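Mind docking chain C on chain Y? Use the hints.
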Amino acid sequence: MSDEHEPSRTKVPMPLATLSDPHLGDSATHPSRVEAIIALILLVGTVLMAGFGAAYWQNWNPVILGGTMGAGLFLLGFGLTAWGKYLMPQGPFVEERHPVASSPEARGAMAAALVERSAVVVKRRKMLGGIFALGSGIFGIVAIFPLLRSLGPVPGTSLEHTDWRKGTLLVDSNGRSVSRGTLVPGGIMTVFPEGKENTSYGQAIDQTVLVRVPGGNLTTAPGRETWAPAGYVAYSKVCTHLGCPVGLYEQQLELLVCPCHQSMFNVRNGAVPQFGPAPRPLPQLPLYFDTDGNLRAQAGYDQAVGPGFFERSTTKENGT
Amino acid sequence: MSETLPTARSKRQALGPYGRVGKVVDELDDRLGIAKGGRVFLDKIFPDHWSFMLGEIALYSFVVLIATGVFLALYFVPSTNQIIYHGSYKPLRGQPVSEAYASTVNISFGVRGGLLIRQMHHWSADIFVGSIVVHMARIFFTGAFRKPRELNWTIGTTMLILAVLEGFIGYSLPDDLISGTGLRIGYSIAESIPFVGSYLVSFLWGGTFPGNVIIGRFYLIHVFIIPLVIFGLLGAHLTLLVTQKHTQFKGEGRTEKNVVGSPMFPTFMAKTTGFMFMVAGMTALLGAFAQINPIWQFGSYDPSKISYAVQPDWYMGWLDGALRIMPSWEFAGWGHTVPLEVFLPAVIFPGLIFNICFAWPALERRWTGDNELHNLLDRPRDRPKRTAAGAAMLALLFTLFAASSTDVLANYFHISLNVVLWAFRVLTIVVPIIAGFVTYGICLEMQGVQGIGKRKRAVIVHRSAQGEYSTVTAAPRPGDGHEELEPEPVPVRIDIASLAGTEEGNGQSSPTGARQVTR
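Quick note, the sequences are listed as chains Y and C, same order. According to this note's numbering, the first sequence is numbered sequentially starting from 5. According to this note's numbering, the second sequence is numbered sequentially starting from 347.
Please keep in mind that the hints were generated in silico from the structure rather than gathered at the bench. Note that this is a predicted model, so its numbers are computed, not measured. Hints are not guaranteed to be accurate.
What the hints assert, rightly or not - Derived DMTMM-like pairs: lysine to aspartate or glutamate, alpha-carbon spacing no greater than 20 Å straight-line:
#, chain 1, residue 1, chain 2, residue 2
1, C, K596, Y, E254
2, C, K651, Y, E100
3, C, K369, Y, E100
4, C, K603, Y, E100
5, C, K390, Y, E254
6, Y, K200, C, D648
7, C, K591, C, E496
8, C, K382, Y, E254
9, C, K596, Y, E100
10, C, K591, Y, E100
11, C, K493, Y, E100
Next up, chain Y with everything else stripped away, as it sits in the complex (with noise of 0.2 Å):
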């Protein structure tokens, strides 16, 4: 049995290169010249393996230190490969593929195997089969909620709401109020509802922009007559195609511009898509300034913020 591979081979010497092999050349007209090279290489490489101990032990930068592991490496490596490309045998040596296939004979044995005992089985338990295929396939069904419902709750429309509410305080990331004086005309800014400003919830989903255009108050839209008193003009700065926040301002063309994706939308009329891959505008937030002069929220968002998403309904209101 162990004579399977045995035939196809001769008890010839295995040889080294020789001097007609057509891929090595000079290895093989002066092997030890090339030992003696790879033996340097092999030499450079054990020192500079000891310098990156050096170098770790003394803790130098992260370049000496990297640079001696490196090259070390690549030169143990380097002549690791050139001693087994030009002094071990190269042949050509041939081995036989064995076809991976059975033999006729064994395909139908198990063929045979399979669909006579399982004819058997399935003839005289069919119940006992069927059975079995219903409790376990319920076990498939109820245990991908263990797996994947339990991870988190159903969005429900937790997507479409804010916090922003009618009367809401905007603030600025440290917390301080914007009275009429805060920004100049062309200014921007994040705003945030009051007591969100440090929630990662608050940043993600309640962050708003709020920029000051020249000229007074603003209308971007009919019925939207008040909502941009003395200018302030507030839009939620989750951007409408993927979610990044609209960071950018382009003051001469008052044009709000999400870095991702370069969408561009215009803050003068509602912040309609000027430009990119955005659908839709931003959602625009109500705003007045109370009796103390501070900015608040006339209403919450009357739409989802952000990407759009399958439950999402464009007519919905949802400005609570």
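Structure of chain C alone, referenced to chain Y:
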């Protein structure tokens, strides 16, 4: 019979002709029966071609990833808890940061060798995906995926998808400003899937974005689940490679029924181990000299902040490009919204690309009606249609990759962003078509050229004292004239004496000197 004390010589003789090694083999074989299979393994033949090492780069990058990843896992804290930074990086001191971010900065500056290992890990991730892609292209263009190797092609494609996912998830872990923005985009892409999107993200993120569980969950996926699956698939990949044996290019003595090359032991083992060292060494040099992902410059993730002109890791570029050039076609109606401007380029499109990859072996089998077993590789020019299809695919992906830098290109060349955008919309359709037809034409041209692919004789250019040029054909070198050696089986026994003689005697006393065949 007189008793004699055992001498060193008699001890050696008692061990048999192969000394201690032989003894160890005997003992192991008694228990495990390793000798027969072991011998076959040592004799396993590896065909030699430079393109066969591309997969090895992927394999050894994975080794580097595991080694450096274990180091990083010792110090990384997968938590989004906000703390005040008090570490060794002065500009950040006193700022609120997440624990994940603080620990990553600490790995970079507080742990000895940490920055090097972190950069090596990031570089080797990029190399890992890159070498898989190039390896896959080699397999595709040479037809190595054909029967019987379709399953290995499927396993390889699966590993590519996993590698890309693993890279994206790993990139997200440090919780810096750039990766946090990437995560937000990933969230929005998953959210865009009709019917299940909002449920999927709510489950994964444990509620609305950003929540406080995603880093911990991604950490588990990154260090355990995906590496384990890749490890298992890698084992299957290599097992299939060993049992089905290597493919090889056509050549002297090479048939569908044999493998010609150098043996596993010692030649291939030396070369491949050396190559592993070289891959690791190259990665370390990159980690030492080429800065990658300096998260301390970006700051901890704050969802209301953003940076400008940052690109994701290269293997996500094609998806980013697709997202950029897609028109804003959101569907809204019947009380529902389907963000097609996200769902089509970022979910349907990659799904389509990877499914074409999975299906290709079956498609080609159907189109060509070829159900034979293939062990000899194709030259790409001999299969012009396949080669053209592959070139078109690569051209499409490369154009989209370039489209992921529309803003940078517009800025750099001072052209309108609108022009750049429309240029890429046109190029994405036109370039693959041109690439496909040009490749097809080149393949047909190459088929017709005499002596193509064979080594040309060198020509020496002389310049005389008068300034006159003339050319002389150089003397033939080994390899000119396309001599190839006739392969022979791996010999059973090495004649050590003759081997030594070979070395001393300049290799001229080779007992198989008559192996040269000239064609």
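Going through the hints against the structure:
no. : hint            : in the structure
1   : C:K596 x Y:E254 : violated, 62 Å
2   : C:K651 x Y:E100 : violated, 63 Å
3   : C:K369 x Y:E100 : violated, 30 Å
4   : C:K603 x Y:E100 : holds, 6 Å
5   : C:K390 x Y:E254 : violated, 66 Å
6   : Y:K200 x C:D648 : holds, 13 Å
7   : C:K591 x C:E496 : holds, 14 Å
8   : C:K382 x Y:E254 : violated, 75 Å
9   : C:K596 x Y:E100 : holds, 15 Å
10  : C:K591 x Y:E100 : holds, 10 Å
11  : C:K493 x Y:E100 : holds, 18 Å
Comparing the model with each numbered hint stated earlier shows that hints 1, 2, 3, 5 and 8 do not hold.
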